[in-house]
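Chains as they are written, first to last, in the working numbering: chain A, 1 to 350; chain B, 351 to 643; chain C, 644 to 929.
Hints may contain errors.
[What the hints assert, rightly or not] The calculated SDA-like cross-link candidates involving lysine to any residue, where the alpha carbons are at most 20 Å apart (straight line), are:
{"no.": "1", "chain 1": "B", "residue 1": "Lys607", "chain 2": "A", "residue 2": "Cys147"}
{"no.": "2", "chain 1": "A", "residue 1": "Lys4", "chain 2": "C", "residue 2": "Ala795"}
{"no.": "3", "chain 1": "A", "residue 1": "Lys4", "chain 2": "C", "residue 2": "Leu921"}
{"no.": "4", "chain 1": "B", "residue 1": "Lys607", "chain 2": "A", "residue 2": "Val148"}
{"no.": "5", "chain 1": "C", "residue 1": "Lys900", "chain 2": "C", "residue 2": "Leu921"}
Since the hints were derived computationally from the structure, they do not count as laboratory data. All figures in this text were calculated on a predicted structure; none of them were measured in a lab.
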Amino acid sequence: MKTKKKRFMTNLITYGVLILLFIVLTIMINNKSISRTLKGQLIPICSWIVMAVSLNLVVGISGELSLGHAGFMGIGAFTGIITSGWLLNGFSMEDPTLRLVLAIIAGGLTAGIAGVLIGIPVLRLRGDYLAIVTLAFGEIIKNVMNCVYVSAEGTTLHWGFLNGNLPGTLLLNGPMGAVKVKTIATFTAGFILVMFSLVVVLNLINSRSGRAIMAARDNRIAAEATGINITKYKMMAFVTAAVLAGMAGALYGLSMATLLPTKFSFNESINVLVFVVLGGIGNIPGSIISATALTILPEKLRFLQNYRMLAYAVLLILVMLLSNNPMVKMLWRKLIPGRKREQSGEEMRA
Amino acid sequence: MVFLSNLVNGISLGSIYAIIALGYTMVYGIAKMLNFAHGDVIMVGAYIVFCATQYWNLSPAVGIPLAMLVCTVLGMTIEKLAYKPLRQATSLAVLITAIGMSYLLQNTALLIWGANPKVFPSPFSMDMIRLFDGQLVIKPETLITIAANIVIMVALTLFINRTRMGKAMRCVSEDRGAAELMGINVNTTISVTFAIGSALAAIAGLLLCSSYPMLQPTTGSMPGIKAFTAAVFGGIGSIPGAMIGGVLLGIIEILGKAYVSTELGDAIVFAVLIIVLLVRPTGLLGKPIREKV
Amino acid sequence: MSETKQKQQTPMVPYPSKSFVPERDLGSMPVLECSHLGIEFGGLKAVDDFSVIMGKTEIGGLIGPNGAGKTTVFNLLTKVYQPTHGTMMLEGRDMGSMTTVDVNKAGIARTFQNIRLFSNMTVEENVRIGLHNQIRCGMFSGILRLPRYWKAEKQQHEKTLELLNIFDMAGMADERAGSLPYGAQRRLEIVRALATNPKLLLLDEPAAGMNPHETEELMENITKIRDQFQIAILLIEHDMSLVMGICEDICVLNFGKIIAKGTPEEIQNNPVVIEAYLGKQKEAKA
């Protein structure tokens, strides 16, 4: 069957290219033939890829606009940092890989629980109202994290809210965030996380549950009349995305020596949304490309110095204008012969 | 007395949010888009007043209208350049473009005026207002803000309901296609909407910085988000809704910061919003979305 | 559709003297029993005092001028609207507390007046959505690609082709649903509804936009579906050749109320029905 085969080939190519890139980059790291900036960006790129892919699951596949996705990343990041610090201090777990794995799992789980708690009220709303509530939750998470203090004293974990006088080693210092974090995140771990999230998302899309999620997106009333529980499937997409975002956050957090809670704000949520839109809504391989390109781009534009972010903004506007210009779209269609244009812009609802 | 003082401050802050929210809600109702750059037009307005009074030595009476003019032109230009070409595109595409425009404004301001916060001198050089035998002291800016809000509210309501352009705006917001068929120039209507919204943004910028004198390129960002929240809170597309939403949001924010916790002020505001939307899913004054089956 | 047992004939609405549930269904529980069903919007009674009984394998028709409330009845039956008056029973089960999803799981499937397909998905995927509750596979089985997933996918694929073959559409399985011609889209909607394994199939203007040849084919297919699947079918239609051709019993609505019920012959000659559609006949007409 045509579509099925095409999808299968696209996914296979995606996996293949990623594996290839990983091998090439690892060789380059070992040979020290990689630039220092790029090397430092590898783990963040992995995190942002997972963020973009998971947000695309919510925005593209489930059709709901989420403006607070960075909140889940933040929860995952700080949970990961706390877990790692606690395991080291309280349980003398010296092995960094084990700590990293446990931290990522903890980050994902916590973010998942948050996803469930947030999803229950949020997914009852529609359209722009749903979007604004996700934004609100994102800001609430950021604000609350700014006030949380956590310390580890042996195997006990102490919590403080608005009060920083805690015994033991301070792991999370309110508005100062996390300091002196042991950066145990590795590029290999990042790559594995990327592959994991791809497998989860692509397999989910190509399954009974995925079809239900897309049906709920395409025509809510028809889906209900065909026996699909809309809330259940919107939750499924939302929580899965939250878990993945949490894991991405844990990876990210454990790659930074210091991390402020304000790092995970509306601006970051919007950034990820830009990745998703530019890569193509519903287009998972596209999200990988755009997340990578747009993380590297600001660095590449360093030569513009002060004009860097301005150039970024102008580029963004131009790309949006061009990709939605009917004449450009016609030209594009002519350039790619024989390929059936399956969706017009209007059809993919946000 | 402390409560009253806080309440007045809350209403004043809420008035600023309301004026900004008006811009959001009008553009949403009529052009069917979320203009994320709106918050940054506020910042531009404030900088123009700042430059006018500090660098070019103009009096505020000239500086303020100048800022309104610049913002109006800016708003209309942004609409013509970036939003009009995307009228047929998905709402998400327009949203991202608006975000890009917001970045553009912020970074341009950064380049022109630098990142260091400027202290904004209040153009209102009056004495403090004392009420209740001096027990309640109110800054003149606070009262002026509230007064400005009331004036704007009245003026705008009259404009929307009594003038031809106002009627055109209402038509376009109901059904753009039908409005066009009835001979209404949709392009002009949308331009006017942006013009009014941007002029209001300039006023909001002035009032914001008069009461909270720190001005930097990111000054418009958070108030913009909060005002957008207020607009949705009141029911997006509804002008009275934007008013009520804005004022309520300001009150909740100040009272929350004063009586619950300063650090959690923002969280409280957003939490209240969420609760309200759960009870009234289309905002306080919003219309329920009806789909024909 | 027969009278509800206790209903008196009111002089205003001449119900036919003879009405029936088809003989083959007499022994079993009626699939649908509506009793004084109604919905009021503000002061307007969009549907009022709707009472019918449908036999298990009956083909019934719901007709009436535009705006009579026919689609509203469908929306009530599928709980898109919650009725403000009356009760509905599906095979004896009270439907009062059911949601739209519950109603479908209990056995009512429908098509829509303005086609509601998942236009960005393929024909096969549309039908597979219909099979969602029939052939199941959990989220984790799907993600981890456990054997359950492969089994369910295979079953769904086979069942899909089987269903599409009713309308000879198996060849289009991989086409994008939105790109199909209008008639094919309508047929696909019916197939998707059938996939949900209903006891009662509600068809909203299935022949809209079809030429006489297609309409005849549709008539054959509807009868074939009823015979093959042994289900009841209620259709809203304006095409009288279809209605009179295959409906065993017809219910006529006007302004939300039933104005007549009966066999096709009875309805065709019912003056109240004729007046509703054509207006009062002038006395001097030859």
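Do the hints match the structure? See the list:
1. B/Lys607 with A/Cys147: Roughly 14 Å separates the two Cα atoms, so the pair holds.
2. A/Lys4 with C/Ala795: holds, 16 Å
3. A/Lys4 with C/Leu921: violated, 53 Å
4. B/Lys607 with A/Val148: holds, 17 Å
5. C/Lys900 with C/Leu921: holds, 17 Å
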